[in-house]
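Student: Taken in sequence, the protein lines are chains G and V.
The numbering of the first sequence is this note's numbering, which starts it at 1121 and goes up by one.
The numbering of the second sequence is this note's numbering, which starts it at 292 and goes up by one.
FYI, nobody ran anything at the bench for these hints, they're computed from the structure.
All residues carry an ideal CB built from backbone N, CA and C; glycine is no exception.
Treat the hints loosely; a few may be bogus.
What the hints assert, rightly or not - In silico contact screen, one side only, chain G against chain V (beta carbon under 8 Å); selected entries: (1) Thr1223; (2) Ala1280; (3) Gln1284; (4) Trp1369.
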Amino acid sequence: MKRWLLPAVVLAALIGAWQVVASNGALAGALHIESFLVPSPAEIATSLWDGRALLAENAWVTLREVVVGFGCALAAGLAFAVVLHLFETMRRALYPLIVASQTIPIVVIAPILIVWFGYGIGPKLAIVALICFFPITVNTLDGLRAVDPDAIKMMRTLDASRWQTFRRLEAPTALPYAFSGAKIAVAVAVIGAVFAELANPESGLGYLINQDGYQFEVARQFAAVVVLSAMAIGLFGLCALAERRVVTWR
Amino acid sequence: MPAEVTDFAQRSGTPAATAALAPAGVSIRGLRHSYGELLTIERLDLEAAPHEVIGLVGPSGCGKSTLLELICGLREPSAGELAVGGAPDAEGRLERCAYMPQRDLLMPWFSAIDNAALALRNRGVGKARARREAGALFGRFGLAGFEHSRPAELSGGMRQRVAFLRTLVAGKPVLALDEPFASLDAITRAEMQGWLAGALGAAPRTVVLVTHDVEEALYLSDRVAVLSARPARVVAELRAPAPRAAERDEAVTEPGFVAVREEAMRALRQGSR
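Isolated chain V, as found in the complex:
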């Protein structure tokens, strides 16, 4: 690992003023959730070990986003067991998870650096110190020189990087990413996938990544869970081929990768019925 990357891991792993939380896994058993009459999730089992990256793919509207909100402690399940880092209560889960919504949702009234430092500011860290801490990561995220730009002045890919930085700076052991690159064009998306793989390699976290893109899921994750149509349950779990080529474009065209992708697609098609 290059020195610079190690440094990054150390820095982002232990931001000051963060209750330095131990790595945490996610454990879900027999989970059930409904919105009134509408059953969204039923008999769902899923395990994520600490520092494991789990991809979730499934047909649209199957309850993937609801599952993320449940994990993050933003919702309570109707039945079943759900724990993050051993904490079963919503407050404990909320404490351990950072949620990155589909759209970047950067606040247009804050500069890039103030957006990235949002969690620190919420925890009562002073403005100067929060900026220093978040700003230390800007170079590694390819954002150097844009610290004081407003979100409107940034490209789609840069905005998404600021949004991810904001999630990372929160210092939570679990990251819940909801289709983080869905809004980007194909080229930028491929770039960002390569970039995220690098960022996670350097600063390992437990990640639950929701996406509708099987290739993205397999490329970024250690394991991919294929969900059925509503009510969602896991119909297949696939281990992503490892080791993968460093370059994204090479990785996704390797025969092993293509084979697993086809298998995932089959499971997805069967589960959609």
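For reference, chain G alone in the conformation it holds in the complex:
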């Protein structure tokens, strides 16, 4: 409880100050804040409620992109990490390339993906999955390599096969690392999905933010941001919950 209290107080104070400044004409004027550009928290709350159908509809689109893209990256990332771990030559050949690939900004790749895969959910899933793939793969691989060499020797004298050493020693050691990777991935997945929607505006919260920008619906833009961050926090929380359920020995 105490863990949440302090940040909650800070957040409430910030929102309170924002409300005061935005709704007080004299203060806003002194700070050169245009009320139609900076809505007050109360206006955002109203917009959140009034636009709930539209927001929910678009949030569902974004959520689907995030979850499916993340799921693909999780499956591919775990499989890739295991293969790289088991085959030394493949690791030496591919690991530097995976790291190097991260220097190419997703911003650059996104329009190319849209050209390749056209419209629809496909290129968006690809962007989300690409963004998620790296932290999951690298963290899981680090975890697999964090195994104590003495423990591997011990397992060999306890008659363990390669597979048993993997299943009983390496995989459980790597699990907390894989979860760390997944938590990072799920947070950036939301950013990736919004970015994909901005690059190719059809629907989703990114699309809504884009459209509302043209129409000076600034309050609803803020409302969409609130929904987005709630989504990211929720997904992160789910990952943390799953981790606590699975990694019971920590």
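Once you have looked at the hints, place chain V on chain G.
Tutor: For chain V alone, coordinates are given in the frame of chain G:
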């Protein structure tokens, strides 16, 4: 021997689903090993008869752990002869040796009993049966009631006992113990030494015990080999005084014991140069 202890010896000596391997000795002649340029072991001779407990002491970094790994078949020597139970190849040695590393290395995701039963599970024994077999020994190891505790819930001494149990349940004729009590506090260590002496008395195995503690080596072993600084070779072999008092604290203060300990210390100091 009390009935309970005999029972223990019979049980732990022949766990089911174990290729019941005959008692095996260790025979090392002219052993040499190097990591690239670094020569770790040279002209090392050592014999351990079946069921003999050999203590290895030597200055730190002298290659004691490497020697254990060589015996266990986890490494291959650069030159020389090395056989366990007559098997010179790494696979044959691996089959006959169980290795207990310095730290307990219990797996935190397994309960104490599943850690102890690890070798049986690796050999394909079903979970229920493996637990039954390993669990049968928990009482004698002072672990009754802690079968389903996670390692994090156990004290240092208990963890070390689970680790030793895991090594024993593997049913191998040779146990390679690498400073098994180095991480424990002085009181627990003394307790565990007394306990290990009892456990080995009840379930005899060939043991190669690496330690940096001369007193521990002499108390637990039949014979102690003093190793030189790197590259390691045997500079002195000392027979531990026998018979020893049953109580550890009495045993290590007997004049005969103290005399051999001093002799070992001298050899150790000379070999360290």
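Student: So, threonine 1223/G near chain V? Judge it on the closest CB pair being under 8 Å.
Tutor: violated (35 Å)
Student: Close enough to count: is the Cβ of tryptophan 1369/G nearer than 8 Å to one in chain V?
Tutor: Since the shortest Cβ distance to chain V is 4 Å, the answer is holds.
Student: Quick one, is the glutamine 1284/G hint okay against chain V at 8 Å, beta carbons?
Tutor: holds (5 Å)
Student: Just to be careful: measuring from the Cβ of alanine 1280/G to every Cβ in chain V, is the smallest value less than 8 Å?
Tutor: Holds, about 4 Å.
Of the numbered hints given earlier, the model fails hint 1 alone.
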